[in-house]
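Trainee: Reconstruct the complex from the two isolated chains, following the hints.
First to last, the protein sequences are chains A and B. Counting from 2, one number per residue, gives the positions in the first sequence under my numbering. Counting from 59, one number per residue, gives the positions in the second sequence under my numbering.
Careful: at least some of the hints might be erroneous.
Claimed, not checked - With a straight-line Cα cutoff of 27 Å, these simulated BS3-like cross-link-like pairs (lysine-lysine) come out:
{"#": "1", "chain 1": "A", "residue 1": "K72", "chain 2": "A", "residue 2": "K58"}
{"#": "2", "chain 1": "B", "residue 1": "K126", "chain 2": "A", "residue 2": "K58"}
{"#": "3", "chain 1": "B", "residue 1": "K126", "chain 2": "B", "residue 2": "K113"}
{"#": "4", "chain 1": "B", "residue 1": "K154", "chain 2": "A", "residue 2": "K66"}
{"#": "5", "chain 1": "A", "residue 1": "K72", "chain 2": "B", "residue 2": "K113"}
Hints were generated in silico from the structure; no laboratory data involved.
Here are the chains, one letter per residue:
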Amino acid sequence: EAQVTQNPRYLITVTGKKLTVTCSQNMNHEYMSWYRQDPGLGLRQIYYSMNVEVTDKGDVPEGYKVSRKEKRNFPLILESPSPNQTSLYFCASSLEWGLAGGPPDTQYFGPGTRLTVL
Amino acid sequence: KNEVEQSPQNLTAQEGEFITINCSYSVGISALHWLQQHPGGGIVSLFMLSSGKKKHGRLIATINIQEKHSSLHITASHPRDSAVYICAAHSFGNEKLTFGTGTRLTIIP
Numbered sequence: 002e003a004q005v006t007q008n009p010r011y012l013i014t015v016t017g018k019k020l021t022v023t024c025s026q027n028m029n030h031e032y033m034s035w036y037r038q039d040p041g042l043g044l045r046q047i048y049y050s051m052n053v054e055v056t057d058k059g060d061v062p063e064g065y066k067v068s069r070k071e072k073r074n075f076p077l078i079l080e081s082p083s084p085n086q087t088s089l090y091f092c093a094s095s096l097e098w099g100l101a102g103g104p105p106d107t108q109y110f111g112p113g114t115r116l117t118v119l
Numbered sequence: 059k060n061e062v063e064q065s066p067q068n069l070t071a072q073e074g075e076f077i078t079i080n081c082s083y084s085v086g087i088s089a090l091h092w093l094q095q096h097p098g099g100g101i102v103s104l105f106m107l108s109s110g111k112k113k114h115g116r117l118i119a120t121i122n123i124q125e126k127h128s129s130l131h132i133t134a135s136h137p138r139d140s141a142v143y144i145c146a147a148h149s150f151g152n153e154k155l156t157f158g159t160g161t162r163l164t165i166i167p
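One chain only, chain B, in its complex shape (with noise of 0.2 Å):
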């Protein structure tokens, strides 16, 4: 079982629909991080999280520590944010950061 867990591992949305990417992890961290891969390939941070909810522009990232539990939510979604998201959790104690396998989303016009 990985530490990190991301669902779903695809989704497909219409243009406008809210989105919400899963990340569950085993172990206890420090701070978990969101990132943006480009279809090109390049990786982009959106966010780190060690507790409570951030917000960027269409972009909100919540954790909720005790369930060791983070969400990604879109809002009023659009095709430039196809992309896959992944999540990344520092653990505690060390330096290490563990990858989920990423959420491919593909959003239609």
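Looking at chain A on its own, in the form it has when it is part of the complex (with noise of 0.2 Å):
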């Protein structure tokens, strides 16, 4: 079955503690992209990734990392967690760029983190 994983589900965290997102998908997309959903801002991008080892930042990159070392997966990293990343996660992932240069088609969106930091 196509589809988009994210582990974990659920998290609740401390202040500070490393963490990391894992988001992973088996539809051989080249595009991939993590987002975050806040109540009253919706949905905003964090970064997102055209190709292996090609990843830029998206509207609120501030305290987080991510990689793109293969292409199946793209972890998102908190490095030290803060209250103020207590969100909804979504990780997606499109097939490549158009072929005549446009945006791919369709997104899938993976079924959502909910991270709580204390």
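Mentor: Given below as structure tokens:
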């Protein structure tokens, strides 16, 4: 089954304790991205990756790191989490950027990771 | 002012009604996405538009590039259409995605 998986689905942690949220897709997609969703603010892009070893900042990258060492995985790393990073996080993937240079048609979203930082 | 704005924020309608959700954006875009988020939180991509109109079942999405406006229409609405609908814009020149804050749709039987 084609899917994007995230782990863990729920996490409660404390300020300053490094954590990693994993994201994996089995569709051979080139483009992967991380978003956070907060009440009243909607979804905001954290980081995205056009391909292996190619990553770039979205609108809210502060406090986050990513890596794309292989096509299927795109982990989100919080080196020193703070309470303002309490949020619902989504990973998504898409086929490579459009053949005509335009964006890909469909983004496939993971189920979300609800993170609470105390 | 957000780069992507949706209206209305909340919409309640009777089953069978024709629904319209609007999305306006202030930046040049290469494409616009419509997403659906169910009460359980899962997000599904409905459409990606760069021009004109797309239709899938009872859902129709249109975009007017000159007016920087897109609409999502639902015909013969059903309670299972109750969800949050989100538009998102790909800006020209980069691959970033900027989201509207969503429209919460409730269809009453």
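Trainee: A separate judgement is required for each hint: does it hold in the structure or not?
Mentor: Going through the hints against the structure:
no. : hint             : verdict
1   : K72/A to K58/A   : holds, 18 Å
2   : K126/B to K58/A  : holds, 25 Å
3   : K126/B to K113/B : holds, 20 Å
4   : K154/B to K66/A  : holds, 17 Å
5   : K72/A to K113/B  : violated, 32 Å
Hint 5 alone, counting from the list given before, is not met by this structure.
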